[in-house]
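**Q** Those protein sequences? They're chains A and B, same order as listed. Per this note's numbering, the first sequence starts with residue 57, numbered consecutively. Per this note's numbering, the second sequence starts with residue 196, numbered consecutively.
No lab work stands behind these hints: they were computed from the structure. No residue lacks a Cβ here, since even glycine has one placed at the ideal position from N, Cα and C. Do not take every clue at face value.
Label-pair distances were calculated between CB atoms; the ranges are [as the list claims (entries may be wrong)]:
#1 A:ARG495 <-> B:SER374: 47 to 55 Å
#2 B:GLN212 <-> A:GLY119: 38 to 46 Å
#3 A:HIS501 <-> B:GLU432: 40 to 48 Å
#4 A:GLU108 <-> B:GLU241: 30 to 38 Å
#5 A:ARG223 <-> B:ASP221: 56 to 64 Å
#6 A:ARG270 <-> B:GLU244: 52 to 60 Å
Spelled out, the chains give:
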Amino acid sequence: MDRPSSTTRTVPPGLTFPETTPLVVPTDAPAPGRARPALPLRREGPEKLTGEAKYADDLVFPGAWFGATIRSTEPRARLLEIQLDDAFDWKRVVVVTADDIPGDNIVSLIDTDQPVLVPVGGEIRHQAEPCALIAAPDRATLREAKRHVKLRTERLPAVFDPIEADREFAHYTVESGDAAAAMKEAALVIEGTYRVGHQEQLYIENQAMIAVPRDDGGVTVHGSLQCPYYVHKAMKRALNMGDELAVVVQAETGGGFGGKEEYPSVIALHASLLAMTCRRPVRMIYDRHEDISATTKRHPAVVRYRSGVSDTGELIAQEIEVIMDGGAYCTLTPVVLSRGVLHAGGPYRCPNVRITGRAMATNTPPNGAFRGFGAPQTEFAAEMQINRLAEALDASPLDLRRRWVYRQGDTTPTGQVLRESVAGIEVLEAAAEASAFDRAHAQTHSMREGRTDGARTATGIGLALAWHGAGFTGSGEVKLASVASLELTEDGRIRILTASTEMGQGTKTIFPQLVADTLGVEYDEVEIAPQDTSIVPDSGPTVASRTAMVVGGLLIRAAERMRARVEEATGRSFADAYRGAGPMRIDEQFVPYPGEPFDDKTYRGDAYPAFGWAACVVKLDVDLDTGEVAVRDCVAADDMGRVIHPVLAEGQIEGGTLQAIGYATIEEMKLVDGRYLNDRMATYLIPTSLDAPRIRSIIVEAPFSGAPHGAKGIGELPMDVGAPAVVAAIHDATGTWIHYLPATPERILAALTGGPMPPPPGISLEAPEPNSPPIEDLPPGGDEMPFRAPTDPGEPR
Amino acid sequence: MPNFVEPPIESPASLEQAYGLLRDGDGRPWRPLAGGTDVMVQITGEIGEPPARLLDIWAIDELRGIHVEDGALLIGALTTYTAIRRSDEVAGLVPVLAEAAATIGAAQIQNRGTLGGNVVNASPAGDTLPVLLAVDAEFVLGSSDGERTVPARSFWTGYRQTARHDHELLLRVRIPLLSGREVRFRKVGTRRAQAISKVVMALSWRVDGDAWTDVRLGLGSIAATPVRAPATEAALEGQAPTREAADAAAAALSAEIHPIDDVRSTADYRRAVAGRVLHRLIRDNGGW
Ligand SMILES: Cc1cc2nc3c(=O)[nH]c(=O)nc-3n(C[C@H](O)[C@H](O)[C@H](O)COP(=O)(O)OP(=O)(O)OC[C@H]3O[C@@H](n4cnc5c(N)ncnc54)[C@H](O)[C@@H]3O)c2cc1C
Chain A
57 MDRPSSTTRT
67 VPPGLTFPET
77 TPLVVPTDAP
87 APGRARPALP
97 LRREGPEKLT
107 GEAKYADDLV
117 FPGAWFGATI
127 RSTEPRARLL
137 EIQLDDAFDW
147 KRVVVVTADD
157 IPGDNIVSLI
167 DTDQPVLVPV
177 GGEIRHQAEP
187 CALIAAPDRA
197 TLREAKRHVK
207 LRTERLPAVF
217 DPIEADREFA
227 HYTVESGDAA
237 AAMKEAALVI
247 EGTYRVGHQE
257 QLYIENQAMI
267 AVPRDDGGVT
277 VHGSLQCPYY
287 VHKAMKRALN
297 MGDELAVVVQ
307 AETGGGFGGK
317 EEYPSVIALH
327 ASLLAMTCRR
337 PVRMIYDRHE
347 DISATTKRHP
357 AVVRYRSGVS
367 DTGELIAQEI
377 EVIMDGGAYC
387 TLTPVVLSRG
397 VLHAGGPYRC
407 PNVRITGRAM
417 ATNTPPNGAF
427 RGFGAPQTEF
437 AAEMQINRLA
447 EALDASPLDL
457 RRRWVYRQGD
467 TTPTGQVLRE
477 SVAGIEVLEA
487 AAEASAFDRA
497 HAQTHSMREG
507 RTDGARTATG
517 IGLALAWHGA
527 GFTGSGEVKL
537 ASVASLELTE
547 DGRIRILTAS
557 TEMGQGTKTI
567 FPQLVADTLG
577 VEYDEVEIAP
587 QDTSIVPDSG
597 PTVASRTAMV
607 VGGLLIRAAE
617 RMRARVEEAT
627 GRSFADAYRG
637 AGPMRIDEQF
647 VPYPGEPFDD
657 KTYRGDAYPA
667 FGWAACVVKL
677 DVDLDTGEVA
687 VRDCVAADDM
697 GRVIHPVLAE
707 GQIEGGTLQA
717 IGYATIEEMK
727 LVDGRYLNDR
737 MATYLIPTSL
747 DAPRIRSIIV
757 EAPFSGAPHG
767 AKGIGELPMD
777 VGAPAVVAAI
787 HDATGTWIHY
797 LPATPERILA
807 ALTGGPMPPP
817 PGISLEAPEP
827 NSPPIEDLPP
837 GGDEMPFRAP
847 TDPGEPR
Chain B
196 MPNFVEPPIE
206 SPASLEQAYG
216 LLRDGDGRPW
226 RPLAGGTDVM
236 VQITGEIGEP
246 PARLLDIWAI
256 DELRGIHVED
266 GALLIGALTT
276 YTAIRRSDEV
286 AGLVPVLAEA
296 AATIGAAQIQ
306 NRGTLGGNVV
316 NASPAGDTLP
326 VLLAVDAEFV
336 LGSSDGERTV
346 PARSFWTGYR
356 QTARHDHELL
366 LRVRIPLLSG
376 REVRFRKVGT
386 RRAQAISKVV
396 MALSWRVDGD
406 AWTDVRLGLG
416 SIAATPVRAP
426 ATEAALEGQA
436 PTREAADAAA
446 AALSAEIHPI
456 DDVRSTADYR
466 RAVAGRVLHR
476 LIRDNGGW
């Protein structure tokens, strides 16, 4: 079988990098938690494989009603009245409006701007905004009731372009040296404006939540979610409940990618309100159409970039302006912007840097978390600049990176000294070597030189490099103060208690690995408690690639304490003694990693405890007749610190790489009047297995000493490098730079032929002509959409 | 429990039973259900009004099969893409149809989706339809009144409208077999499987000495229906496949079509790509 190959390399902490070929470590070699001799199967794998696993929609609650959301159909309006048509007998259903909310009408997260339901008199701020809720005993009644609700509104002017928007969610500035002065000294200055659009997470399982009212007045929600305690917090505030009354239980979750970080709070509140009103369980299970229409996407962004190089070939100045489109409500936007700003310089040493970022409100559905969390947007721009600088300097993109990439001891724009675990050059060399980059690059170059007029395809190779801060940004982990617990039950079972969720990435497998290894017991002897807020402590959200590093680290420390206690008390090894040594519970709380604390006001200090490093080399063909891109081969080298489960890590690299290729080539949300036009799987296309290239994953290990097992994180890393590598390869093939993502055939062909450029990504077109048929009624087959897109006159080439 | 309203359904076992039901005078129109790969998507996606009643024709084996009769290839309306791809007759006589069938959806859709469904669904993006236009196919419709034949060229009368009457079924597709006919097909979609076309075309011709005759160009996804391109055909008729002929044909095509922007692509792209792909098809056969 043609399996992607994987090698594992180790860089000892605190040492300079060896010049020789790094050690190749077999997957059963000693590393904390790395099981020997064979890697364990995924904990929840057999149940998923046999169909036994219970996703939210599989859960049965006798007597449950079905819930639905009445949404706005305008991007901005005043809600004047919710009209219930007398033709329907409203006693058959329950209806909930903002007036029925027992607590604050707020979906509690960073800000308090997002209402659970728009109140009458309130402002509708996007096309899919919840205004009322209905629950009915069966779906037919629900459908009928929905048809008899009308929203009377007064339309208000809407804004779709973040550059024109005047409402701001957040702004940040990172400054070191004097970028403006240095830019004047520069021998070469390259400028660019880069624009990226929305991206949909497209998890396999749609958003789903079932709320069950309890006799004690509380509500338990069972749902598809990443962060039980985010939902818990939202319920306490809007439902006016204490800690015990609100209970959140994660059902088996079919993927998240960040899309189930904040949105589950909304749907949990909706289901709970209905359940409290009709006094029975209520199921809110979105279909794909509703899910894509209403839930969060990756933030579109505009990045304006200037880089200056000295006459001695050093990168001496970067001036970067980042504008993100937050959509209608704040959600997680400030943190997304923060990560985007902190990564915008790319993994390169530069003494004079000024990065400003602002996130603006537009009348589109709120944007939110998505794998990479702001970094893919800005690092796309950073890598475009480096590749364009290489072209302007007539230097190899590989050599330029070798020269500029951060080394141990370098200082980042926030003043953070990179003391350890700095593996940019390692991942770069690993990817370059495995892809024979220099040779392949020379080859595509001569192919381009020799290309005749009538050639149909062009082959190109492209390279990108990135860094990705491990764990929460800035002071985030300190504020979270996560807790993870380990329990030895009275009947002698070892149980892990954390709120970290499994969504396909491997939490339920790596935690028992780490704990078993520390305790000296078998993997199968360690259990995991359900992700239920009435049972497990708040170990923080399952996001930011933080689970293995932060929560895994807490569990190791808890296991060390438990082992020592049992062994001291019994004088025997833990493995021999533990069965009679309970009950015992160890709670381990986060203590800050060593380093300079981050100052949220000045943006100085250690932005992250450590960084992961990623390099990607992409080989592709461009069809010169159509601009279609076929990515053929991809080498991805990622440093995630110590690897706990190499096979699962490889899965993250492959999946993340393919998701990045989709982002780079075909995944584009198109909007009209602030509404997603391609809100179905027939029209929002992601790569299929036929579109997937061969992906060779190389795992590089540069352990982080702040975590007891040396792990950093892997989930988001591959997302940062795929798109710039693809666009570099398109340039290598065709000689054309595409500044906008995705680099669709439409954009590529327009660039190649000088034809009109399609409108930029991420910005809604105005409403269609009043007399054209409603878009909704058109079938998915060859549906022709009745609007004309203006071409973009200001497109930079 | 389904999330949509399930219409009443009948599953006749013979054509005669089906004809009877289609004329039952109940007043509510029947919606024929073949493989269901278009109909089911429309129902579950709540796209348009749900059908009042479904007439499941899957069991009517008379509507299946591929054979040659009177100088034509006859393909039953219920023939699936998989059956077309496996057919020796298709491979030998109209291989381009198998080529087009192979680009539709993926394996599951090809096992279930039918040629008749593609024809009657009348999507401007139906991938077999440009081929049927390019080979002068005819559609045989049947009802209790008997059979009638409509040429592909006049079958699609408007956006998702056809010449079929409500009480008729499509029985088979008839492709006249011409000696020396060459047909080429090209689909441009967003990805390599499970993609609805942005532009799809089929070009056919016969070689007469150096020159091409009986040139037909069928196109999809560039107008409200699948269409022929008569001005482009005229530009190629009687010409050898030279660079000049290709240039003229591509220019004629770009001038002749009026595609629109939609969720899948832009008018500009469609116009440009239609010309460039046609140019390539001619070039590949001109050998320059
Ligand atoms: C995931 C997916 C991918 C797809 N990909 C493609 C693609 O790449 N290219 C493409 O062209 N299409 C594609 N389709 C659309 C669809 O598969 C085809 O149009 C198929 O040929 C429809 O055939 P069917 O038998 O399933 O038709 P049905 O859905 O059963 O019927 C379609 C229409 O034709 C009518 N009808 C069917 N048979 C008859 C008959 N004998 N007489 C009268 N009326 C009839 C029905 O009433 C209905 O209006 C795709 C669909 C899906 C779901």
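**Q** For each hint given before, does the structure comply? Return the numbers of the non-compliant ones in rising order.
**A** 6
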